[in-house]
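Q: Single-letter residue listing:
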Amino acid sequence: MNLRTWRLLVNATMLTLTGVCTVITVSVLFVILGLLLYHGASSLSIHFFTQLPKPTGETGGGMANAIVGSAQIVGIAALIGIPIGFIAGIYLSEYEDKRFASFVRYVADLLNGVPSIIIGILAWALVVLPFHHFSGIAGSVALSVMLIPIVTRQTEQFLREVPLALREGALALGASKWKMIATVAVPAGSKGILTGMILGVARIAGESAPLLFTALGNQYWGGLTEPTSSLPVMIYQRATSPYEDWNQQAWAAGLVLIAMVLTANILARMVLAKGVSLPRG
Amino acid sequence: MPTSTSIPASTAAQAPKLRASNVNFFYGAFQALHDISIEMLEHKVTALIGPSGCGKSTFLRNLNRINDTIKNSRMEGKILLDNEDVRAVDVTSLRRRVGMVFQRPNPFPKSIFENVAYGLKINGMAKRSEMRDRVERSLQRAALWNEVKDKLQESAYALSGGQQQRLCIARALAVDPEVLLLDEPCSALDPIATAKIEECLFTLKDQCTMVIVTHNMQQAARVADFTGFFLMGRLIEYSKTDVIFRNPAKKETEDYITGRFG
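Read top to bottom, the protein sequences are chains A and B. Under my numbering, the residue at position 43 of the first sequence is numbered 43, and the numbers go up by one with no gaps. Under my numbering, the residue at position 46 of the second sequence is numbered 1046, and the numbers go up by one with no gaps.
FYI, nobody ran anything at the bench for these hints, they're computed from the structure. It cannot be assumed that every hint is accurate.
Claimed, not checked - Partner residues aside, some chain B positions facing chain A, computed with beta carbon under 10 Å:
hint: 1; residue: Asn1064
hint: 2; residue: Asp1068
hint: 3; residue: Thr1069
hint: 4; residue: Leu1094
hint: 5; residue: Val1098
hint: 6; residue: Cys1168
hint: 7; residue: Gly1259
hint: 8; residue: Arg1260
Said to hold, decoys possible - Far from chain A, some chain B residues (derived; all Cβ distances over 10 Å):
hint: 9; residue: Gly1099
hint: 10; residue: Tyr1118
hint: 11; residue: Pro1191
hint: 12; residue: Met1232
hint: 13; residue: Asp1242
hint: 14; residue: Phe1245
Since the structure is predicted, the reported quantities are computational estimates derived from the model, not experimental observations. Beta carbons are placed, not taken as given, at the ideal position from N, Cα and C, and that holds for glycine.
Can you make the complete structure from the sequences, with help from the hints?
A: Structure below.
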């Protein structure tokens, strides 16, 4: 065949191939959503959100403790992790000429790659062992360790994008470096920074491994200092149980969890897209 | 070697507002300024002209130490503001006294009012009740008040380029600086905006000392009392603007003025 036909053939093949791969990638999300909706929607009811788990066989029963527990654990983790990550991100962006800064950045990247179950072991050793108690706070500590590098890098990245011209403008008016950071640089990068925080929290909300032996799980209401139930762990327990109705509940819990995570993601992207706080041109 | 930087005798009685002595400036290993000595008199406009890359902006930026933020940079020699070494004073108070307007307008992503009030707020210079009056006064001095008085709460980015630059001038003036440094303030603007800004600079002359870096020789001739010609990091000639443009002492100056090189 001549060159032209060969080129057309290669072109068409590659286009098809890349198209098919894209479709597969995108459709995975929809398959997940579809499966969860199909299996889980029927088990969703007001009971699900308001009642404690009941033994298998009994009707009603829900995951109120898991939902509240997740909110508690993730909430405390955010309270610990966001401020630390935010300030560390500022340091990395604004004081990058110090050797310590490159070291911190390197370590943060390494920390990002540590398997979540190892972080769970860390929290177990630091919080559970000394107090001889599984607890919600141990779970929060584990999750906050995962949250910190995410928030740090996002904060740093969006701060770096604030133009030098804006910073010099503030400095030239007599602002000290910290005042400039607080009143000009951070507000200018705030949309991206906020997005990073939302996405980070959404990410840790879905983690189960670090909670397995820190917060453990609970059939009843837990608390900061007691084993606490959480959605991801509940899903794991219910899904691996031999009981049909518990499996059903796992589907429903999965649906609730993904709804929460997706909402956070979409919200974050809306915040980012809505108006740009940096000058054009 | 000494260049012709002596001020004509008739004005020598006036104390210089700013004096640079043997300033050498390095970006890492590269020497951008060689032995610059120059005096700027109070309430006068001094223009610094020269081809691209000759060091005039670098020199200007040393006057308010904004070059401090550049890594690996180093200045040798002395710069005195009212006989005080600028490196001996607290840098934030120096920058309040020596304001700067940059080449491209750089308003903050805040409202017009907030932009002008920024310097006042961070320096704690005005009570809430006074803020409005001071913002109005600054915008008037920058010849922008009439155009923005009804939209002070709008974003600064809604303004045109020329208006943004006048906003930056208003912002710099709000803190009542003694010296105003202008780094090619009109290079990004159209002729009409440029004319408005030059007009505004004329009226400001009595209230503060100005040093303006410009590529535009006609602008220097229009606006400045004294002009310094820079070439390759050296100050070749410095004199009254008239003298520089009509009767330059150095050949390089004459070549530049007449456009033999740009």
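Q: Which numbered hints turn out to be false for this structure?
A: Hint check: 7, 8, 9, 10 fail, others pass.
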